[in-house]
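*Asks:* Use these hints to put chain B onto chain A, whose structure you have.
Heads up: the protein sequence lines correspond to chains A and B, in order.
Under the working numbering, read the first sequence as residues 648 to 1169, first letter to last.
Under the working numbering, read the second sequence as residues 7 to 331, first letter to last.
These are computed hints drawn from the structure, not numbers from a lab.
There's no promise every hint is true.
Unchecked claim - Listed next, with one range per pair, are the computed distances between beta-carbon atoms:
1) B/E166 to A/I675: 34 to 42 angstroms
2) A/D678 to B/P40: 48 to 56 angstroms
3) A/I969 to B/P40: 44 to 52 angstroms
4) B/T267 to A/F664: 32 to 40 angstroms
5) B/R313 to A/G1031: 31 to 39 angstroms
6) B/E166 to A/H961: 23 to 31 angstroms
7) B/S132 to A/R672: 20 to 28 angstroms
8) B/P293 to A/I976: 55 to 63 angstroms
9) B/S132 to A/I976: 37 to 45 angstroms
10) A/S685 to B/E39: 28 to 36 angstroms
The model shown is predicted, which means the values in this text are computed figures rather than measured ones.
Each residue gets a CB set at the ideal place from its N, CA and C atoms; glycine is no exception.
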Amino acid sequence: MSIPFKLVKFIEILTFFLIWELLGRLRIIADGALPSISEILIKFWEDRNDYPEHIFATIEGAGYGFLIGNLFAILAGIIFALFPWANKIFRGFNIVVFSLPPIVLAPILSLTLTGITPRIVMAALGCYFITMTATYIGLTRSESITINLIKSYGGGKFKHFFHVSWFRALPVILSGIAVTAPNAVLGSILAEFGGGGRWGLGVYLIGSLGRGEPARLWGIGIMATLISGMAYLVFSILSKKYTSASKSIDTSNSLPNGELASSESYLGKILIVLISFILPFLAWYLFIILLKVPPLIGKNPFDVFAYVFLSPNHLLTQSKLILALSETIPITFVGMFVGLGTAFVLGIGSRYFTRIVNFTMPLALITQTMPLVALTPLLVLILGREYSVILWITTSVTFFPAFVNIVQGINLIPKSALEIVKVYGVSKWKELVIVIVPSTLPFLFTAVKLTAPRALLGVMIAEWLATGTGLGNLMNQSRGYLDFSMIWTVAAVSVALSVLFYQLTIFIESKLLRSYNFYTDN
Amino acid sequence: MYPNEIMKRREFIKFSIATSTIPLWYKNASAAEPITMQAAWINDAEFAGYFIAIDEGIYLDEGLRVNYLSGGPDVIPESSIITGKADLALTTPDTTIKAIVDQGAKFKIIGAQYQKNPIGVVSLKSNPIESPKDLIGKTLAVPPVNVISVEAMLEINNIERSKVNIVPYSYDPTPLIKGEIDASLDFTTNVPYTINMLGEQASHFLLYDFGFTIYNDTVVVTEDVLKSKRKQLVSWLKTSRRGWEVNFKDPNLYPPKWKDTWFKGTGRSIENEIYFNNAQKPIMESPNGIFSMSEDDIAKNLEAIGRVGIKGKREMFDTSLLEEI
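Okay, chain A solo, but in the shape it has when bound (with noise of 0.2 angstroms):
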């Protein structure tokens, strides 16, 4: 039996890098500008000597911002889940960390940190989130009732972590993890691209890039992707181990727990509400006091109100950044609905059609750790440098923490009520509707949450790389005519935007979720 499996497996690989190799060999995409794999394996090969320094360095900032950011996100996600006040102060905080775009983060860092502290801070703050997140999730998620049993064994909240929800937690903690090797990898590439190091793969890639030769640049982005699938395999499989474990636990979906935030009287809420609020604008101000940063290059909020609304040259600034926001925002929209609607079609697919996740993870993959630099001559050349090219990035960069999400979910439906419709005989069609889609509703929304921020982020690239509009191309400009307060305005404005983004998500999942009634935790 598992022969023929794996044979069927082997011929699906093959089948891949052959229609690969074809598509290059007779130039068929944007004449020859997609390489052959053989292309690429020659040149690799003709570089071999050039990439053990670049691939140690970009391992070293990639490897000590996964270690440090995922460190955190544990830490915090576990502080989160035990006092529901902390996440509510930190909410803000934790939005704000997630939805930096790192290409408005990346110059900030080279314009304020020095040597690899850059990378190491770019790769862990795409870490945080996501583990933070996968942490609190999988910890909350405990069932009721073995925290009844606990109780009624004399068991408190904190004897219930240790014994039970941490082993529950475990898998979802890991595929966590897992999701967030590739941001350490692509954090570490972002910053060496720009940052003037002498090396890492994002040092060779910009080095490279005036090369003309698209085969290089595909190497440097499949052994970005291979270091970050190897992290990504390690975890998965841990994952999945702790999966099967804790999935003999079969107990029902959790419920409400509401009392929390009906405990707090209203005068407590706003100030839960204000401090959440205050604290990412004290991060920002005390990151430019501690770390010393001149006047010149720093902007503090204040300094960016200022500029914004007092300056004597405020109006031009806000024509500036209203033009950009309309280039900017409708496109966000359409690009988010495009990416979640690839992801969840693909990812309940993978349900029926296993091999659907065979093949679109290496894929997916790619485009999650194959610096989009590299990839835009291929872009523009296929796609112009209309509203499709935006779309194609924006999808790209959305798609893979929805579709990981989804078919995480989908694992996670417990057994017992697949059995029930399996028992009763029904359709797949009704199967699907009945249990699959409502299970992995909550899921979609945690997809929706994840992707927002990434939406505006793709669109930022491709109108920074393709385009030339919106906020993306302000900010590039902006450098040119070193105005920094536009720089940091810029910045701040895409945080707020993402942020509105999130918040809009939260809101629909509530209204949503509700009439399904499902427990969401926010």
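*Replies:* Relative to chain A, chain B alone:
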């Protein structure tokens, strides 16, 4: 980090082969004063003169220990001198002067590496763009940070900005080769080589030759550093000039030597650097020596950037250090 290592290696070699000069070397090294320079881009032939001055001990002989910082697309060289990461930076004069005027940055330009800005419009011979007029109705890819220079050039040549389709350029010539864009803005000392390699012929013109008469890689310091490290800056100018002179004696000589040091793993080929090094010779050399800034040229710089509304002044250039060499 690496330049330092190379210097250490060099000192070690000196140490091991010339034992008789130990006392002298020791004196030199201990007396050497550190100075940090921020380059404008990753390691390539654009900075050959400095690599020579480091490798051949030209700096050290004058009592300078140069710490070299590579640049990159996100590195704003001016910001390195504001934060104090570097003492001097190689910049584009239009941005530097705009920063002085608009942001009140306390910068002084103390020298100019390129007498003529190497930035130009590069196109294919098969679809040649040989003057600004040819750009009308065409698509030109420009790095976002250089849009200001292109706008100036168009303005000087009385071409409406809206007549040229400007799109972002991300340093990859593929879209140009494939005809997706008609021209790109880049270093004319560099890109034509790549285009030849890819089997096409390049056609190009310098923005400088069409009225945008500015320097490039201007040597910029803050007023504070100018006061506190004036002596080192003068000797940096003097020794760097010597490095460049050695380089231009035979532009083909040095690039191959750096295959495993400065140019290792930059992703660029040595042949490309040789082409670059030869091409930059005529736009760097000046009868008054490398880095020179004549009154006439300064006036031209101010006039060119004045056309896009940047009101520079003569006092932003300090030629007194060059006079002390």
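*Asks:* Is 55 to 63 angstroms respected by the C-beta to C-beta distance linking B/P293 and A/I976?
*Replies:* holds, 56 angstroms
*Asks:* Looking only at beta-carbon atoms, does the pair B/T267, A/F664 fall within the given range of 32 to 40 angstroms?
*Replies:* Holds, since B/T267 and A/F664 (Cβ atoms, about 38 angstroms apart) stay within the stated range.
*Asks:* Is the gap between the beta carbons of B/E166 and A/H961 within 23 to 31 angstroms?
*Replies:* holds, 28 angstroms
*Asks:* Can the suggested window of 28 to 36 angstroms be confirmed for the beta-carbon pair A/S685 and B/E39?
*Replies:* violated, 54 angstroms
*Asks:* Does 37 to 45 angstroms hold as the CB distance between B/S132 and A/I976, or does it fail?
*Replies:* At roughly 41 angstroms between Cβ atoms, A/I976 and B/S132 fall inside 37 to 45 angstroms, so the hint holds.
*Asks:* Quick one: are B/R313 and A/G1031 within 31 to 39 angstroms, going by C-beta?
*Replies:* For A/G1031 against B/R313, whose Cβ atoms are near 33 angstroms apart, the range 31 to 39 angstroms holds.
*Asks:* Regarding B/S132 and A/R672, is the given constraint of 20 to 28 angstroms on their beta-carbon distance met?
*Replies:* holds, 25 angstroms
*Asks:* Between A/I969 and B/P40, does the C-beta distance stay in 44 to 52 angstroms?
*Replies:* holds, 48 angstroms
*Asks:* Return holds or violated for the Cβ distance of B/E166 and A/I675 against the range 34 to 42 angstroms.
*Replies:* The hinted range 34 to 42 angstroms holds for B/E166 and A/I675, with Cβ atoms some 40 angstroms apart.
*Asks:* When you take the CB atoms of A/D678 and B/P40, is the distance between them in 48 to 56 angstroms?
*Replies:* holds, 51 angstroms
When the structure is compared with the earlier hints, a violation turns up for hint 10 alone.
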